[in-house]
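Novice: Here the protein sequences come in this chain order: X and D.
Note that the working numbering has the first sequence beginning at 1, numbered continuously upward.
Note that the working numbering has the second sequence beginning at 1, numbered continuously upward.
Keep in mind that the hints were calculated from the coordinates and are not lab data.
Quantities reported herein were computed from a predicted structural model and do not represent experimental measurements.
Any given hint could turn out to be false.
What the hints assert, rightly or not - Covered stretches of chain X, as calculated for chain D (at least 3 residues, CB under 8 Å):
#1 64-74
#2 120-130
#3 226-232
#4 240-253
Heads up, the beta-carbon is just placed ideally off N, CA and C, and yes, glycines get one too.
Number of protein chains: 2
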Amino acid sequence: MSTDGSTLPDGEPVDDAIEPDDLELDGAEEPGQEEPGPDDTPAAAARWRGLGRIVLAATPIGSSRDATENLKDLLAQADVVAAEDTRTLRQLLRRIGVHPSGAVVSYHEHNERERAAELVERAQAGATVAVVTDAGMPSVSDPGFRVAAAAQAAGVRVSALPGPSAVLTALAVSGLPSDRFCFEGFVARKGGERRRAFTELADERRTMVFFESPHRIAATLADMAEIFGADREVAVCRELTKPYEEVRRGGLAEVAAWAADGVRGEITVVLAGVSASARTVTAADVAPEVLESVAAGERLKDAASAVALRHGLPKRDVYEAALAAR
Amino acid sequence: MSTDGSTLPDGEPVDDAIEPDDLELDGAEEPGQEEPGPDDTPAAAARWRGLGRIVLAATPIGSSRDATENLKDLLAQADVVAAEDTRTLRQLLRRIGVHPSGAVVSYHEHNERERAAELVERAQAGATVAVVTDAGMPSVSDPGFRVAAAAQAAGVRVSALPGPSAVLTALAVSGLPSDRFCFEGFVARKGGERRRAFTELADERRTMVFFESPHRIAATLADMAEIFGADREVAVCRELTKPYEEVRRGGLAEVAAWAADGVRGEITVVLAGVSASARTVTAADVAPEVLESVAAGERLKDAASAVALRHGLPKRDVYEAALAAR
Chain X
1 MSTDGSTLPD
11 GEPVDDAIEP
21 DDLELDGAEE
31 PGQEEPGPDD
41 TPAAAARWRG
51 LGRIVLAATP
61 IGSSRDATEN
71 LKDLLAQADV
81 VAAEDTRTLR
91 QLLRRIGVHP
101 SGAVVSYHEH
111 NERERAAELV
121 ERAQAGATVA
131 VVTDAGMPSV
141 SDPGFRVAAA
151 AQAAGVRVSA
161 LPGPSAVLTA
171 LAVSGLPSDR
181 FCFEGFVARK
191 GGERRRAFTE
201 LADERRTMVF
211 FESPHRIAAT
221 LADMAEIFGA
231 DREVAVCREL
241 TKPYEEVRRG
251 GLAEVAAWAA
261 DGVRGEITVV
271 LAGVSASART
281 VTAADVAPEV
291 LESVAAGERL
301 KDAASAVALR
311 HGLPKRDVYE
321 AALAAR
Chain D
1 MSTDGSTLPD
11 GEPVDDAIEP
21 DDLELDGAEE
31 PGQEEPGPDD
41 TPAAAARWRG
51 LGRIVLAATP
61 IGSSRDATEN
71 LKDLLAQADV
81 VAAEDTRTLR
91 QLLRRIGVHP
101 SGAVVSYHEH
111 NERERAAELV
121 ERAQAGATVA
131 VVTDAGMPSV
141 SDPGFRVAAA
151 AQAAGVRVSA
161 LPGPSAVLTA
171 LAVSGLPSDR
181 FCFEGFVARK
191 GGERRRAFTE
201 LADERRTMVF
211 FESPHRIAAT
221 LADMAEIFGA
231 DREVAVCREL
241 TKPYEEVRRG
251 GLAEVAAWAA
261 DGVRGEITVV
271 LAGVSASART
281 VTAADVAPEV
291 LESVAAGERL
301 KDAASAVALR
311 HGLPKRDVYE
321 AALAAR
């Protein structure tokens with residue numbers, strides 16, 4: 001089956017079904033765009049074509065200079081580029097000076113089911129299908145994972161071009177522990193649901209990362225202060241990688257008070273886990289647990305490690321507390 | 001306090017204390033390196049100098065074409081580049097054709113306490129201090145977070161250059177749910193500790209991401225199959241973004257059997273959460289919980305949402321099951 005000759009199950013030619021957007025860029029607006037870039041050599045131009053696979057590619061979250069060479073090559077060469085919003089993609093292409101040679105189609109939460117199947121079929125027929133979202137790494141809080149799952153199920157190869165993500169950027173600048181963390185996606189919009197979700201996370205020991213809208217961040221931080229405690233450490237990151245980037249870090253009550261005046265821009269919230277900022281259980285408290293395991297035949301060192309892990313305490317502290325309590 | 005005149009608390013000049021590595025690149029090996037790159041314009045050259053901040057920057061995990069323009073500029077211009085392993089950095093610099101104009105120093109788990117304080121002091125004195133690890137986003141499972149925390153505490157600005165991360169790349173190619181996920185870092189080396197850690201994750205509903213060494217992956221998958229169940233979906237990703245990239249997805253028992261023959265390369269494991277592959281609780285099972293909340297005065301829709309969230313079930317299913325049970 002060749003790429004050009006592939007058809008959908010209902011007999012429609014794929015190119016018609018997918019309806020490529022008109023992607024003529026206005027050369028007058030961006031002088032110099034017609035010049036070939038350093039990677040427009042014949043060898044580079046062939047790299048990302050006809051690979052018969054889905055490629056999930058990260059796009060910049062703020063600065064266009066966070067685009068990678070691989071991303072530029074892929075967008076220029078892929079047989080199909082599926083974008084969450086084709087207008088946003090068009091803006092990105094202009095900013096990074098790339099002309100796509102393949103078809104550009106939309107792929108978002110409203111058409112993900114049908115479109116995922118079509119995209120996998122194109123890849124199965126030999127096409128390189130690039131999947132991008134408006135910003136960041138596809139499949140983090142967006143429909144990217146559906147096409148990856150469909151491809152896996154169909155035996156079609158899936159690869160990814162790594163790059164920007166607000167999740168890890170926020171985590172890095174937060175200065176909060178990152179040896180373990182969890183990503184919770186967008187905070188629930190409604191107060192009741194939001195508070196219940198936070199209540200379920202009250203014992204979470206990992207650092208937590210949330211996305212939130214600027215309209216609701218003040219209410220969300222106030223709820224967080226109530227449920228996680230006024231002193232729990234939080235970092236509110238806004239406009240990451242953009243010129244007005246700002247990271248506000250402090251106790252929840254303090255940061256909630258700052259946010260009450262209004263916050264603008266794209267927001268990512270990084271919240272310390274329970275053990276990092278408000279440890280109520282000490283090594284001495286858990287020493288009896290260790291000794292119990294030892295009495296049951298476990299080695300002291302192993303028992304101390306296990307109990308330390310369970311309570312998010314330093315292993316050495318638990319070991320020493322157990323020794324002292326023996 | 002100027003950058004050049006800054007001293008450590010003990011009176012040592014910073015540049016001596018930090019001992020810049022010899023970073024002469026061998027021009028004969030890599031012809032053309034002495035040519036200025038497209039960003040070596042005077043304006044670009046000044047961008048990342050003297051910003052008085054710590055910049056945590058992601059580096060490629062496999063393909064050097066995953067380096068961003070911002071990374072190249074930063075490494076070329078930063079006043080100090082702190083690298084997990086300066087030899088690995090030197091290799092990267094050669095591959096991406098960048099000459100650092102600042103000092104290059106080491107910053108790793110064995111010197112992180114002292115070095116973090118020195119780096120923050122350099123930034124406080126006006127320097128741009130870039131922090132990179134061998135691969136990926138600093139602060140994910142490495143000492144990067146200590147320097148970020150120290151900077152936050154000292155009131156020194158911290159920013160990050162987003163880029164490659166094995167965590168999100170693996171998550172994307174796995175095709176497993178990614179609306180919520182957790183990163184668990186490196187799997188414990190010892191069998192007992194590893195099995196206890198897995199046992200604590202037995203009820204985890206989020207998709208889990210682990211790093212593991214190729215030497216232990218077979219034993220780890222066998223333990224996982226025992227604790228999470230033979231059919232729990234897993235994706236073992238090796239050599240992500242490299243030419244021999246491979247993603248093996250299937251039930252734990254099946255993938256463990258494949259790994260028993262030996263696996264090479266850098267490994268990232270993505271494991272489905274409990275609800276995604278082995279749901280034991282159905283919407284009908286939890287309907288009474290919803291009705292209890294309704295009896296206590298809550299709206300059916302809100303109660304159904306909360307219970308669905310708690311059990312990782314689709315809201316609509318729980319709502320309909322509760323309606324039917326009423």
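Novice: Which hints, by number, does the structure contradict?
Specialist: 2 and 3
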